[in-house]
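**Student:** Please model the complete structure; the sequences and the hints are all you need to start from.
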Amino acid sequence: MSSIMANLTLQNIREILVESNEAARLVSPFIVAVLVGAVAYRCLTPKAQNKIHSLGGIPVITAWKFFSKRYDFLWEHFNRISEPMFTFKVLHHNVVAVRGDDARKVFFDSKSLDFTEGYKILMGAAPRLSEVEIKTDTEGDVTWFNKQLAHLLNRNRLNDMLPSLMEDIDRRAQQWGTEGTMDPFQKIYDLVFQMTVRMTTCRELADDLDAIREMQDLYFTLEKSSTPQALLLPWFPSRSKRNKDKAVKSLFVKIYTIVETRRHATVPTSDAIDVLIAGGYGTHEIVQFVLGVIFAGVLNTGINACWSIVYVGMHPEWKTKVQKEIDSLIDQNTANSSDALHKRLSSIPVSAWEDEMPVFDSIIRETIRLSLTGTALRRNLKEGTSMLGRAIGAGDFLAYNVGDVHLNPDIYSQPNAFDPSRYGPGREEDKKATFAFLGWGAGRHPCTGMKVAKLEMKVIMAYMLAAFDYKIVDKKGSPLKTLPVPDRNDIHQARPIGEPFFVQFKRIVD
1 MSSIMANLTL QNIREILVES NEAARLVSPF IVAVLVGAVA YRCLTPKAQN
51 KIHSLGGIPV ITAWKFFSKR YDFLWEHFNR ISEPMFTFKV LHHNVVAVRG
101 DDARKVFFDS KSLDFTEGYK ILMGAAPRLS EVEIKTDTEG DVTWFNKQLA
151 HLLNRNRLND MLPSLMEDID RRAQQWGTEG TMDPFQKIYD LVFQMTVRMT
201 TCRELADDLD AIREMQDLYF TLEKSSTPQA LLLPWFPSRS KRNKDKAVKS
251 LFVKIYTIVE TRRHATVPTS DAIDVLIAGG YGTHEIVQFV LGVIFAGVLN
301 TGINACWSIV YVGMHPEWKT KVQKEIDSLI DQNTANSSDA LHKRLSSIPV
351 SAWEDEMPVF DSIIRETIRL SLTGTALRRN LKEGTSMLGR AIGAGDFLAY
401 NVGDVHLNPD IYSQPNAFDP SRYGPGREED KKATFAFLGW GAGRHPCTGM
451 KVAKLEMKVI MAYMLAAFDY KIVDKKGSPL KTLPVPDRND IHQARPIGEP
501 FFVQFKRIVD
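Letter by letter, the sequence shown follows residues 1 to 510 of full-length UniProt numbering.
One thing to keep in mind: the hints can contain errors.
Claimed, not checked - Listed below are the simulated DSS-like cross-link pairs for lysine-lysine, each with C-alpha atoms no more than 27 angstroms apart in a straight line: (1) Lys476 to Lys319; (2) Lys246 to Lys69; (3) Lys89 to Lys51.
In case anyone wonders, no lab produced these hints; they're calculated from the structure.
**Tutor:** What follows is the structure, given as structure tokens:
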């Protein structure tokens, strides 16, 4: 009884009303009274014993914070109950939150825990054509998706695309001017979106900056549509649901038109859409693939590229180290020093970018460790699954917060500090436990796009350090003294919280 009352109080209801104006219109005083009455009824009703601690309460109220402030929700309950597992309801589904080394091993390595099914209900922002009544045979087929991704973004194709990618970076960076300030979480994010479109669609779209801006706005709408009311009340025609449906339809029409145009072109190209057409895939399948790969690629790589610029800019010793690494890379792999910077960088083979930047590899790893503390999701598809000696029902969802390991002081010394040397010989803190680093997936679900994501981050950083002298400043233009903190409650992108800050830059090389 006490657990139910602890999780459904007038204060809980008040928090929901404050967090959502739309919810305030939906929840009348009469409904509040009904909810409180339901609590009293449940408090007096005998409950079956469950080996996993249950939060109880009215599901829509208990789970609200899971969608509005997920990180806080999980850790407030973990700290309160001091157990490695607890369960709560989302709609009619059971969700089991887990933590600890043993739970993490099962979570990422069990054959019965499905990756795709885990995100369908509890995440919500990914563009799925089925939600707007357009059916494809490949939606949700991770194996098919990864196969196409590996084929389109292999090393040979990336070598061919590298000059175009560097031209994209240079074209956008030239628009910043020779000196000034810029918001890295806008400008650097723009670069990643541009490059992802270039690699996964066709040159007609990648060269159209207005069309790309429109697509970015539609993806931003998708991200913001993942509200508590949209996910907990999927049957209700809320503004968030209407906005998402409209955004998905707009993206579908845009990509569908491009695919059909390419399908009827007289001369095929080596662009990704043409390759998929040549592979015999239908337009709907290609559209779903393109929408999914842009969402997945930009969601993580975009934000990580932004944070890497910030972390390097605030740590002069690491900035100097990676600067020397980039200078060496340019000197060893380019011949004509009179060429424009982006042309010199584009002549560096992908193999060199992948194998000859150990310093920046460690910076990428540390950037992801600090910024990636979201919640991984799975769904159990089989009977007889257990974790920590407790049964997990078929159909149950599982949630594991990555901060459990990435910010664990027993694994990472001073876990909130930026210290890429923690991965070097003699320390290797990421090897202290099984799956201690989750930045590139783990177990049965490694990240297929890891090499491409690293390449994008590396070429952006190389251009930034070779073309500009830059530092991180506050809104008054003074050097930023305190390391910014990611918003760990943002379920999609861990943008910084607190006072705004900027990249102050001056171009030193054309």
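**Student:** Compare the structure with each hint and give your call.
**Tutor:** Taking the hints in turn, this is what the structure says about them:
no.	hint	result
1	Lys476 to Lys319	23 angstroms, holds
2	Lys246 to Lys69	26 angstroms, holds
3	Lys89 to Lys51	16 angstroms, holds
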